[in-house]
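Throw the hints in and build the complete structure from the sequences for me.
Residues per chain, in single letters:
Protein chains: 2
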Amino acid sequence: MTLSARPLRLSTTEGGFDAALAARLHWSADTDAGIEKVVADIIADVRSRGDAAVLEYTNRFDRLAATSLRELELGQAEMKAAFEGLPARQREALENAARRVRSYHEAQKKASGESWSYRDADGTLLGQKVTPVDRVGIYVPGGKAAYPSSVLMNAIPAQVAGVAEIIMVVPHPGAQNALLLAAAWLAGATRAFTIGGAQAVAALAYGTETVPRVDKVTGPGNAYVASAKRRVFGQVGIDMIAGPSEILVLADGTTPADWVAMDLFSQAEHDELAQSILLCPDAAYIDEVQRAIDRMLPEMPRAGIIATSLTNRGALIRTRSMEEACEISNRVAPEHLEIASADPHRWEPLLRHAGAIFLGAYTSESLGDYCAGPNHVLPTSTTARFSSPLGVYDFQKRSSLIEVSQAGAQVLGVIAAELAYGEGLQAHARAAELRLKR
Amino acid sequence: MTLSARPLRLSTTEGGFDAALAARLHWSADTDAGIEKVVADIIADVRSRGDAAVLEYTNRFDRLAATSLRELELGQAEMKAAFEGLPARQREALENAARRVRSYHEAQKKASGESWSYRDADGTLLGQKVTPVDRVGIYVPGGKAAYPSSVLMNAIPAQVAGVAEIIMVVPHPGAQNALLLAAAWLAGATRAFTIGGAQAVAALAYGTETVPRVDKVTGPGNAYVASAKRRVFGQVGIDMIAGPSEILVLADGTTPADWVAMDLFSQAEHDELAQSILLCPDAAYIDEVQRAIDRMLPEMPRAGIIATSLTNRGALIRTRSMEEACEISNRVAPEHLEIASADPHRWEPLLRHAGAIFLGAYTSESLGDYCAGPNHVLPTSTTARFSSPLGVYDFQKRSSLIEVSQAGAQVLGVIAAELAYGEGLQAHARAAELRLKR
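Same order as they appear, the protein sequences are chains A and B. Take the first sequence: its position 100, counting from 1, is numbered 100 in the numbering used here, and each next residue is one higher. Take the second sequence: its position 185, counting from 1, is numbered 623 in the numbering used here, and each next residue is one higher.
Everything labelled a hint here was simulated from the structure, so no lab data went into it. Values in this document were obtained by computation on a predicted structure and should not be read as measured data. Just to be clear, a hint being listed does not mean it is correct.
Sample of chain A residues with no beta-carbon within 12 Å of chain B, all distances over it, derived [unchecked claim]:
1) 12
2) 15
3) 16
4) 17
5) 19
6) 21
7) 50
8) 56
9) 66
10) 70
11) 132
12) 148
13) 152
14) 209
15) 273
16) 312
35 Å max Cα-Cα, derived DSBU-like pairs, lysine-lysine [to be verified]:
17) A:144 with A:109
18) B:547 with B:518
19) B:547 with A:109
20) B:518 with B:475
21) A:129 with B:567
22) A:109 with B:548
23) B:475 with A:129
Think of the CB as a built atom: it goes at the ideal place given N, C-alpha and C, for glycine as much as any other residue.
Next up, the structure:
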């Protein structure tokens, strides 16, 4: 087997660059009408028949032969045993990763997730109270591959936020993975079920006899899961709709080329639709990265996926300057953004849209994926233009606090009444006026 | 015309209370298949034909005869003239309200919307950078009624967040309302168009020749707007899907009954589906509120809407205690929650789910609606279980920052590699291992 990985070569000085880049970036998040119909039917069925429907779909799609949903519940003892049975190195790595992820999210809660209030001059109290969501559902993919690290990344911020009940769902065969069960135990999943797909999302959103109804569903999944999350949004909260994973590397040519090539691989190995892009002003360095790709590809166990992903969706782009590279990066709004530069803090302020920014040669994306601390659930497909990494804030909500004093009501009442009459809402105006002294 | 407003009387001590409450709360947010189809077609049409499609739908649905989309753009001069032409009292009220709303949202940004970072023991930098969304679209309803205050509540947090371009859309005839145009000028709308419905949402989400593509769409609208927002979610960010407005009043019997009755009216006058609920342990006080309702109803210009809303969806509920009233309030998770009590700070800590909490007899909801400072765009239909008032945070997004030192890479690389091999992602492991010293 001779594989080759040939990312598209582009240069910003060529005519037609913008169109060529747009074509390479294009990934349609459009929903498929067939999938939409199937998902709508599954959700309606789970709403009306509960456990029985979830059981039927699970047996059919995951090829199981369970006789009740209770059989599909994973017990705490089972998760704990999985944790205790891990080889020591794996258990320590998992504990270290969990500790770092927890510590980062505790800092995040402190920085932006605490209640606050103040009193203004007339004694009016204004503020915002921050409270955890009561019960959340965490969707963990488990069909094609098992991602224990995703269990940590979903459950730990929920736990740090103070969520009382964390319900995990993971389809067969992911639920057989010891590292995944160990992660669930370590991260504090309250209950766990071996169910997946739209039927699992519906069970969480509406509740069944066995699966408790949650207030929010987070975590990535396939097209059925994405469609189901979109459909139950409003009934419950959701985090985001995930697309294929992406990396964009800004390189000034000072990072070893094989490090950068391996970082592109680490994105590409996820799946054929994953996207890896290199932006660099130095053509010779780009050639060097391509040679490193050629040299290292045959050694990679997932070489086939990497080759397809890089060739069909990858790009090595020569820019006029690092400044121009930063501009293009803002247009791409990548999920993962590496600044492979000797002077990363020079470029970071120019970068407006990205899920996570990895500064300097030593910060490989994979360190962030597993254990640096920040979350690895990140906005994809340019949605970093308007959305954020999964965080403690996703498991909290805010309530405004207002306490108007008698004195304050005299001032505010006049303003409110004037505007309420202007909108034709007389009861609003009268409610304010009743509080005025006569 | 003899109208009567008879909210449902319930008591928590009666059998069947839970079911009766659930039935009264029931409001289906389910999407209508007919509306969904129409909206899907409109969006597809706007994507493919741009301006021409938006123009056609606008002329048809809003009964206009515009010949180009440029005709439907409202200029800055027009908005400024509207502001300057307001009666002095109205202009001052608007300015005062805007000033207070701005000041609150500035405090909000300071409390939870600033970038942060720290270095851990091995020199690794971890943090989060907070940046504004580049361009947002604000949907302002204008079909049945015009709400200038909603313009302030959407545009000011965007401005405080640092959003560079704020594009307002408001259907005819709302665009004729001087107070609304004045509010748009005061709150810093960059551009404004007289368009509405699904066609306006599609124009903002995908862009047309005339309407710029935005990154996020906020603001309430009718069922078509809600369906369109749900459908474009992912292509752009959205705030929330709004249902009918609600108030829940917790009363210990110390607030004048006519104040409470008028507060229930001020919710009910919005529309027939609005919901007003009173929870109180004192039966005599509940009777007093009903008498105040009977006495004041005939004076209200919107008496018909109020009577329908209170009779069909309102409830006066006698509870065993204030503690029980707080528990029920958490089940309702109301948009607006008034604590009409002499000791509101005793009850506030018991209240977990609410859009905004109004403490004490003087804090009528209408003060919060117009000018106290906090946002009046709030989660409805129990979504306060998982979502928050519109805020500065809705117009910002976060990027994780990670900078691992050479020393840090030696520690993190070992952990990441162990977990990556465990997940079968060898390129992830190799990328970490390449950074290890040999």
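Hint by hint, here is what the structure shows:
1. 12: holds, 21 Å
2. 15: Check passes; 23 Å lies beyond 12 Å.
3. 16: holds, 21 Å
4. 17: Holds, because the least Cβ-Cβ distance between residue 17 of chain A and chain B comes to about 20 Å, which exceeds 12 Å.
5. 19: Its Cβ never comes within 12 Å of chain B, the nearest being 16 Å, so this holds.
6. 21: About 17 Å separates residue 21 of chain A from the closest Cβ of chain B, which puts it past 12 Å; holds.
7. 50: holds, 17 Å
8. 56: Consistent with the label, residue 56 of chain A stays out of reach of chain B, its closest Cβ about 23 Å off (over 12 Å).
9. 66: With a cut-off of 12 Å, residue 66 of chain A remains clear of chain B, as the shortest Cβ separation is near 26 Å.
10. 70: The claim holds: residue 70 of chain A sits with its nearest Cβ about 26 Å from chain B, beyond 12 Å.
11. 132: Check fails; 9 Å does not lie beyond 12 Å.
12. 148: Non-interface label fails for residue 148 of chain A: nearest chain B Cβ at 7 Å, not farther than 12 Å.
13. 152: At about 9 Å from chain B, residue 152 of chain A fails to clear the 12 Å cut-off, so the statement is violated.
14. 209: Residue 209 of chain A is indeed farther than 12 Å from all Cβ atoms of chain B, at 18 Å.
15. 273: holds, 16 Å
16. 312: It holds; residue 312 of chain A is separated from chain B by about 17 Å at its closest Cβ, greater than 12 Å.
17. A:144 with A:109: This hinted pair holds, its Cα atoms lying about 33 Å apart.
18. B:547 with B:518: holds, 28 Å
19. B:547 with A:109: Given that 35 Å is the threshold and the Cα spacing comes to 15 Å, the pair holds.
20. B:518 with B:475: Violated, at roughly 39 Å.
21. A:129 with B:567: Holds. Residue 129 of chain A to residue 567 of chain B sits at ~23 Å (cutoff 35 Å).
22. A:109 with B:548: Holds. Residue 109 of chain A to residue 548 of chain B sits at ~15 Å (cutoff 35 Å).
23. B:475 with A:129: The given pair, whose Cα atoms are some 40 Å apart, is violated under the 35 Å limit.
Comparing the model with each earlier hint shows violations of hints 11, 12, 13, 20 and 23; every other hint is respected.
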